[in-house]
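Undergrad: Letter by letter, the chains look like this.
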Amino acid sequence: MYVAVKGGERAIENAHRLLAHERRGDPDFPEVSLAQISEQLGLAVDRVMSEGSLYDRELAALAIKQARGDMIEAIFLVRAFRATLPRFGAAEPADTGKMRVARRISSTFKDIPGGQILGPTFDYTHRLLDPQLADGFFPEAPAISDALPGATPRVTDILGRDGLIEPSPQAEVDAPVGDLTREPLSFPADRDLRLQNLARADEGFLLAMGYSTQRGYGRNHPFAGEIRFGEVEVEFFAEDAGFAMPLGSIALTECQMVNQFKGSATEAPCFTRGYGLAFGQSERKAMSMALVDRALRARELGEEVLAPAQDEEFVMSHSDNVQATGFVEHLKLPHYVDFQSELGLLRKLRKEFVAAADPPPMREAAE
Amino acid sequence: MNAPAYNFAYLDEQTKRMIRRAILKAIAIPGYQVPFASREMPMPYGWGTGGVQVTASILGPEDVLKVIDQGSDDTTNAISIRKFFAKTAGVATTTSTADATVIQTRHRIPEATLHEGQVLVFQVPIPEPLRYLEPRETETRRMHALAEYGLMHVKLYEDIARFGHIATSYAYPVKVNARYVMDPSPTPKFDNPKMDNCAALQLFGAGREKRIYAIPPYTKVVSLDFEDHPFTRYRFDAPCALCGAEDAYLDEIVTDNDGSRMFVCSDTDYCEGRQAVGHRGRESAAPHKERPHG
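Heads up: the sequence lines are chains D and H, in that order.
Per the numbering used here, residue 70 is the first one in the first sequence, and the count goes up by one each step.
Per the numbering used here, residue 5 is the first one in the second sequence, and the count goes up by one each step.
Bear in mind the hints are in silico, worked out from the structure with no lab data behind them.
Please note that the accuracy of each hint is not assured.
Said to hold, decoys possible - Which residues of chain H face chain D? A few of them, derived with a C-beta cut under 8 Å, are: (1) R43; (2) N81; (3) P220.
As the list claims (entries may be wrong) - Calculated cross-link-like contacts (lysine-lysine; reagent style DSBU-like; alpha-carbon spacing at most 30 Å): (4) H:K224 - H:K29; (5) H:K159 - D:K420; (6) H:K87 - D:K134; (7) D:K401 - H:K91; (8) D:K401 - H:K224; (9) D:K179 - D:K167; (10) D:K401 - D:K417; (11) H:K91 - D:K417; (12) D:K179 - D:K331; (13) H:K91 - H:K159; (14) D:K401 - D:K134; (15) D:K134 - H:K224; (16) H:K159 - H:K87; (17) H:K179 - H:K29; (18) H:K179 - D:K417; (19) H:K20 - H:K87; (20) H:K179 - H:K87; (21) H:K29 - D:K401; (22) H:K20 - H:K179; (23) H:K159 - H:K20; (24) H:K179 - H:K159.
What the hints assert, rightly or not - Going by beta-carbon spacing under 8 Å, a handful of chain H positions derived as facing chain D: (25) P48; (26) I83; (27) R112; (28) Y153; (29) G168; (30) P192; (31) R212; (32) F235; (33) T236; (34) Y238; (35) E250; (36) S270.
Quick reminder that beta carbons are idealized off the backbone N, C-alpha and C, glycines included.
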């Protein structure tokens with residue numbers, strides 16, 4: 070008899086009820102709060118804000134809670150909400166040179182004006198599981214020193230003064246900033262769109278792509294010129310007021326890679342740049358982004374495009390984890406009408422194959 | 005917290021206007037893939053976001069919406085999308101093909117002939133018919149611009165050389181209005197002839213790939229083939245076990261662990277409509293011979 074192979078409305082409702090139940094877990098344990106997620110799983114919140122393209126710690130924490138800790142699902146929730154928000158305009162370019170740095174390191178110079186500031190980092194920790202953390206632990210108060218007076222110059226600006234590194238490619242001042250969430254992407258894409266795509270891209274994808282350039286697939290000899298993390302003021306030019314108003318400050322991680330030099334008969338050789346920027350403290354993301362940005366500049370710098378990381382169609386079309394997860398997971402949806410069509414064709418081909426075997430093949434004796 | 009509030013049919017009016025412009029362009033150039041700034045929707049890419057955006061942009065309060073997946077109104081994804089619009093737009097929904105003004109579909113075209121004034125919205129995963137022959141968008145756009153479709157014919161020819169048949173059973177490429185080669189979305193090729201000279205407007209939305217295309221009413225749609233290997237439809241040659249239909253596309257259902265099978269209409273509305281007026285099938289499927297339908 071024709072059994073109920075097709076899902077019903079009640080089945081969906083029950084599945085979602087069960088999901089909500091599983092999300093809560095054992096009610097004997099206290100429920101996790103958004104503040105706890107935001108405070109104690111801060112790097113998860115940073116990642117969701119970065120790839121979700123929405124700077125809102127509270128909503129990112131809610132998304133992580135709702136997604137049961139599934140980061141891509143959380144990013145998806147934030148993106149879907151972001152898509153419905155009205156757009157007032159573009160902020161003024163954030164000046165990371167004026168960042169209140171919490172961390173700032175350079176691997177190209179032993180010492181730099183403003184100093185090397187390690188800040189809160191996993192670097193140099195020994196990755197030994199710490200049983201102390203398991204049942205409540207009050208850490209020592211952090212060491213404190215006076216903030217450095219004045220701004221901390223960017224290392225690449227220091228190199229740039231001597232012309233040792235190419236000037237940062239500048240957009241035309243009055244040209245509108247591209248936005249691939251408002252205009253469909255077409256290729257070749259300009260660097261503003263490439264950087265936007267990379268900023269939204271899946272951290273794991275960028276990490277693998279960046280890593281591949283280090284292993285010879287589009288090698289570009291990178292040095293971590295500077296990595297900095299801290300708070301930056303965001304300003305918006307208000308037409309009515311006629312001046313830029315501060316909107317508040319956001320935490321950013323910036324990575325400037327210094328890469329292999331170029332030069333020609335008419336141009337003095339100089340280093341080239343790769344750039345990475347992410348919300349919050351997202352160092353792995355910013356570094357990977359800088360490697361891939363540099364790789365994607367191959368066309369612009371007259372390099373041969375041979376490796377996947379240099380291929381903008383390949384990278385930009387597959388970097389978005391919300392798109393990727395949707396399409397991979399859509400294979401869960403029913404495909405039986407197509408499969409039926411394939412079955413029909415395959416049966417027909419097999420029948421013809423057997424009929425064409427003349428004389429009919431002898432069966433081998435069973436072994 | 006920034007508590008969310010949503011517009012009629014979810015999308016904001018600016019977005020709808022942008023999508024309507026893309027739809028109008030698509031209607032003006034039948035079969036041409038119009039890029040549009042697809043939004044993130046609250047369902048995953050690959051699950052109908054393109055179709056949902058098209059539907060959201062054309063839906064009015066008076067519309068009556070039907071949503072099918074695999075031909076059926078009661079598959080989980082169809083239910084989920086129908087509920088989405090019932091909730092966000094408050095429109096009337098139906099399972100009746102004849103009563104619907106907008107039908108969103110995944111993988112099928114209803115068996116009942118569509119009429120003027122109806123809009124059929126297809127969910128499209130990969131809008132580019134040339135994609136599996138040429139992965140680069142820059143290349144395929146150039147090929148369309150020059151109507152350079154030789155590669156597709158070579159592929160179909162190679163199928164014949166290898167298998168004796170064109171080995172494409174769904175997403176079978178068509179030529180629209182004697183100009184653009186178009187992917188009909190992964191509908192079984194059984195449905196291709198229904199696209200030709202159809203009285204309803206057919207809209208195709210691909211959310212992840214950010215493309216919209218259209219077949220205006222009464223447009224010529226031809227499935228690609230060769231003179232000596234003409235296009236043929238396929239359906240399993242049996243009557244529906246529930247309603248006895250001889251002309252409808254059938255789902256194959258495995259009914260026990262011994263591999264017994266039965267065949268029933270994939271279009272549930274069509275099947276139920278026939279049963280309601282007294283048509284009966286045999287309820288269980290005997291082994292049947294297959295033969296192609298012209």
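Undergrad: Hint compliance check: list the failing hint numbers for this structure, sorted ascending.
TA: Result: hints 3, 8, 11, 13, 15, 16, 20, 21, 23, 28, 32, 33, 35 break, sorted rising.
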